[in-house]
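Residues 109 to 293 (this note's numbering) make up the sequence shown, in order.
Rather than coming from a laboratory, the hints here were simulated on the basis of the structure. Warning: the hint list may mix true and false statements.
Pairs of lysine to any residue, SDA-like flavour, derived with a Cα cap of 25 Å [what the hints assert, rightly or not]:
hint, residue 1, residue 2
1, Lys214, Arg172
2, Lys267, Arg172
3, Lys281, Thr264
4, Lys214, Thr284
5, Lys176, Lys160
6, Lys176, Thr195
7, Lys211, Met109
8, Lys214, Ile280
9, Lys211, Lys267
10, Lys176, Lys214
11, Lys211, Ile241
12, Lys148, Ala112
13, Lys150, Gly226
14, Lys211, Ala171
15, Lys220, Val237
16, Lys150, Ile241
17, Lys220, Asp243
18, Lys220, Val193
19, Lys160, Tyr182
20, Lys220, Gly155
21, Lys167, Met109
22, Lys160, Phe115
23, Lys176, Ile152
24, Lys137, Ile152
25, Lys214, Lys150
26, Lys211, Lys167
27, Lys176, Asp192
28, Lys148, Asn227
29, Lys167, Tyr182
30, Lys211, Glu166
31, Lys220, Lys167
32, Lys214, Asp275
33, Lys281, Val237
34, Lys150, Tyr182
35, Lys167, Arg116
36, Lys160, Ala200
What follows is a list of derived Cβ distance ranges for each label pair [to be verified]:
hint, residue 1, residue 2, range
37, Asn117, Gly185, 19 to 29 Å
38, Gly226, Ile261, 29 to 39 Å
39, Lys211, Asn117, 18 to 28 Å
40, Pro164, Val193, 19 to 29 Å
Each residue gets a CB set at the ideal place from its N, CA and C atoms; glycine is no exception.
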Amino acid sequence: MISAGDFRNGITIEFEGNVYQIIEFQHVKPGKGAAFVRTKLKNIINGGVVEKTFRPTEKCPQARIDRKDMQYLYSDGDLYNFMDVETYDQIALNSDTVGDSLKFVKENEMVKICSYNGNVFAIEPPLFVELEITDTEPGFKGDTATGATKPAIVETGAKVMVPLFVDQGEVIKIDTRTGEYLSRV
C-alpha cells in the first residue's frame with residue numbers, strides 16, 4: 109500500500125478496480141481547510157487520462173507491472189510473434205494490443221513487453237532505432253538553408269520527415285517516442 113502523500117511520477121496504483129500510472133501529482137495546501145493531493149492518472153489498459161484528488165492519508169495498493177525483454181520475430185496477418193530469448197518461449201499478440209508501437213521496429217529486434225497479472229497491455233520499442241530509407245524524393249542542391257523537410261519511407265514502412273539532404277538508401281537514426289529524424293548514421 110502506498111499513501112497519497114508518497115505519490116511520485118511513474119508509480120502505478122490500483123484504484124477503483126483499474127490500474128493507473130501517475131503522470132502528474134501536486135501537493136496542495138490551501139490557506140483554509142485540509143491539504144490534498146491533485147493527480148493526473150493514466151489508465152494503462154485503455155490509455156484514458158483522468159484527474160483525481162486524494163487526501164494525503166488515503167492509501168492505494170501499488171500495482172506490479174512486469175517488463176520483460178523479448179525479441180520481435182515476425183508478423184503473421186493480424187498476429188505479431190515474440191520470443192523470450194532466455195527460455196525460447198513464444199507468444200503471439202493481436203494488432204489491438206500492439207497498436208502502432210512496432211512501426212519503427214524491424215524483425216529480430218528487442219522490445220519490452222509490459223504486462224499486469226499476466227495480461228500484456230503494451231509494447232515498448234527501443235528509444236532509438238537505425239533504419240534505411242527505402243523511398244524519398246531527391247533533394248535539390250542549395251536548398252538546405254531553409255531547414256525544410258521532405259517525407260521519406262523507411263524499411264519498416266513508416267513515414268518520417270527528413271531534411272532535404274538525406275537521400276534514398278541512407279541509414280538514419282529515429283527517436284521512436286516522437287517519430288522524429290535525429291541524424292544520419
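Legend entry - Hints not upheld, ascending by number: Violated: hints 1, 2, 5, 7, 14, 16, 17, 19, 24, 25, 26, 29, 30, 31, 34, 36, 37, 40.
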